[in-house]
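Undergrad: Listed below are the residues making up each chain.
Number of protein chains: 2
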Amino acid sequence: MESAIATLQQHFASIQEYLAPLLAKLPPPVQTAVTSTTTRNVVAFVLVWNLVKSFNSIVSGFMLNNWTSDKWNWSREVVFITGGCSGIGQYIVDKLASRGIKVIVADIQEPQTKLPSNVHFYKCDVTSTDSVKAVGAKVRKEHGDPTVLINNAGIGHEGPILDKPEGTIRKVFEVNTLAHWWTVKEFLPAMVKRNHGHIITIASAASFLGLGEMTDYSCSKASALSFHEGLTQEIRLWYKAKKVRTSVIHPIWVKTPLIKPIMESGVKFRQPILEVAEVGDAIVKHVLKGNSGQLIIPKSISNAGLVRALPNWIQEIIRNIASLDLKKIRDAQDAQLAKDQAAAAAARS
Amino acid sequence: MESAIATLQQHFASIQEYLAPLLAKLPPPVQTAVTSTTTRNVVAFVLVWNLVKSFNSIVSGFMLNNWTSDKWNWSREVVFITGGCSGIGQYIVDKLASRGIKVIVADIQEPQTKLPSNVHFYKCDVTSTDSVKAVGAKVRKEHGDPTVLINNAGIGHEGPILDKPEGTIRKVFEVNTLAHWWTVKEFLPAMVKRNHGHIITIASAASFLGLGEMTDYSCSKASALSFHEGLTQEIRLWYKAKKVRTSVIHPIWVKTPLIKPIMESGVKFRQPILEVAEVGDAIVKHVLKGNSGQLIIPKSISNAGLVRALPNWIQEIIRNIASLDLKKIRDAQDAQLAKDQAAAAAARS
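So the sequence lines, in the order shown, correspond to chains A and B.
Quick note on numbering: the UniProt record's numbering labels position 170 of the first sequence as 170, and the sequence is numbered without any gaps.
Quick note on numbering: the UniProt record's numbering labels position 181 of the second sequence as 181, and the sequence is numbered without any gaps.
If we strip away everything but chain A, and leave its shape as in the complex, we get:
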């Protein structure tokens, strides 16, 4: 240990020696600033911080993958994705298919474009266990067991708790979180048996904070994260299938049909809104790597998991800011509705 430190000190000394003539060329006030103790401390802090971050990232990679590596033979893998006919799902399907990977799309909507020969569509209502079981049996018979399951189907509707109809609230839970149970029940057993597979949960940045106007959505996505965590534990400790991977993805707002009301409201939205490609590419890259992991997109909000650890007053400020954007949209919509109604009344009289 001591000799290692001595070697390091030698390296630093030679770096300093090398930098000294360069430093001498700078104007004297800059020289003083660069060589000050404060600068040295800041540089040391940034270096240590990044070292700790890299260390965590590397150890997390090993830990989440149970210290095992696995091979993915993409000419033989079968990807099963729910909600693959629109938004991020459709993008993922296109990208995986263009690499020649066999993709099974389960969606309640019909495909919007002609599918390539390696993409197979099955009409499926993921909220019905009968439908999921029937599609599961058919897929197994026609294509074999899926080795990658992407629980991507998701819905969302704006509106406060008091105004939202019972059916809408139930449906959000059914699609965004309960459906994950039904597909996992269908496809996990074969993955465990072969000790090979990957289950990807598409959650949301909303997993980390409950917001007004989308409380049901936030709840269903908090639940999706928790599902991923419990599933990971069971695969590791109950079934000891160390090579079955689990991942969870948390994108912030994405330009999909889901956020049409936000896009159309004309309100200045202060939160980042990502392109489908940005999120889709990150997910595809992650799927192809074949390792377990947690992706929070974009990187600028990678500390979103910290929100619920903060003092309550800071949490409230963060949620206030995020909720107020949605409240403004509600107000804009209400104002537009009132104007339309007034115009209609004027036209009638």
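Incorrect hints may appear among the rest.
Any copy will do: because identical chains look the same in the list, a pair fits if it lies in one copy or spans two.
Cross-link-like lysine-lysine pairs, in silico, DSS-like; alpha carbons within 30 Å at most [stated by the list, open to error]:
#, residue 1, residue 2
1, K328, K171
2, K138, K171
3, K193, K339
4, K171, K133
5, K138, K268
6, K240, K114
7, K171, K123
8, K185, K171
9, K123, K164
10, K289, K260
11, K339, K71
12, K240, K260
13, K53, K141
Because the hints were derived from the structure by calculation, they are not lab data.
Assemble chain B onto chain A, guided by the hints.
TA: For chain B alone, kept in the frame of chain A given last:
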């Protein structure tokens, strides 16, 4: 500011003067240790840490209560609690009733004991909006609008994702999280109108981590926390009812009928298991104060919200440890079942 610092320094000097003769009485090595820079730094750190904590706690109190205070006239308040016929709920009902407070108990079970005259039982299936609406109408007619709503009813069943029946999973979501929507829809409007009320969400420490064997429960409780957050935003920003309070309670394991399998397994459980009274008393105290807040019980796990902010590998270690307790119980139950079956087979042959 400078004069304040000078005054503080004077105070410290006089404290030091006062302590000097006491210090002189200690053995010399202890004197050296006490006056060392390290000791001074540790004491300073602990002081600052506690100052920051107190500051956060005070500001959070103001912030969560929208910088307003409110009066509670307990001879006129009406408390509505779901699941008040067993476990923590029953305890809360008893304690509030003994203070002469009017309590409405909504439960699918009948009361286990004779109720005092200020406690009124309504048979209610909180998973049915028809049932909640019918009870709501009756309660309003017979007792007026509830001013305190305690969403306490909760269920849980052990078992991994693959083994748990669909009906069980759905029921856990229905009772532990969806029911909160139905009762809030029923009673929040009157609270907003009067700008007076308190909605208390009984969540769980499981809100903060998804565990094997109880994934559905963890999901439903993560959702309950998120519901509380969204509800808080809507009351504050949508309805501007600054005096309607919201609170969320996260108890760890409690000796209720829910955890009977854990108690009976004989497995050494490494996590704290609280008495019903410990949790119940904390909740009653909180209700009587009438302020918004987040309670994590016991205090030793008050940083549970930090788990999802930690590097993934540390998160996994924490969830591994917590899940392994549950896995051991599963193994003990399976072993017992096998033994029972073998004994039964032997008796038959």
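Undergrad: Run every hint past the structure and note whether it holds.
TA: Hint check results:
Taking CA atoms no more than 30 Å apart as the test, K328 paired with K171 passes inside one copy only; the shortest distance there is 25 Å, against 36 Å between copies. Both within a single protomer and between protomers do K138 and K171 lie at most 30 Å apart by alpha-carbon distance, with minima of 25 Å and 29 Å respectively. Within a single copy, K193 and K339 get their C-alpha atoms only as close as 61 Å, which misses the 30 Å cut-off; across copies the closest is 26 Å, which meets it. Both within a single protomer and between protomers do K171 and K133 lie at most 30 Å apart by alpha-carbon distance, with minima of 19 Å and 20 Å respectively.
In this homomeric assembly, K138 and K268 never come within 30 Å of each other (Cα to Cα): the closest approach is 47 Å inside a single copy and 45 Å across copies. For the homomeric pair K240 and K114, neither the shortest alpha-carbon distance inside one copy (41 Å) nor that between copies (50 Å) is at most 30 Å. Taking the shortest alpha-carbon separations for K171 and K123, both the intra-copy value of 18 Å and the inter-copy value of 27 Å come in at or below 30 Å. Both within a single protomer and between protomers do K185 and K171 lie at most 30 Å apart by alpha-carbon distance, with minima of 20 Å and 17 Å respectively.
For the identical chains of this complex, K123 and K164 are neighbours both inside a copy (28 Å) and across copies (26 Å), given an alpha-carbon limit of 30 Å. Taking the shortest Cα distances, K289 and K260 never come within 30 Å of each other, neither inside one copy (32 Å) nor across copies (43 Å). Neither within a single protomer nor between protomers do K339 and K71 lie at most 30 Å apart by alpha-carbon distance, with minima of 60 Å and 41 Å respectively. In this assembly of identical chains, the alpha carbons of K240 and K260 lie at most 30 Å apart only when taken from different copies (27 Å versus 43 Å within one copy).
Proximity of K53 and K141 under a CA criterion of 30 Å is satisfied in neither setting, with 46 Å inside one chain copy and 60 Å between copies.
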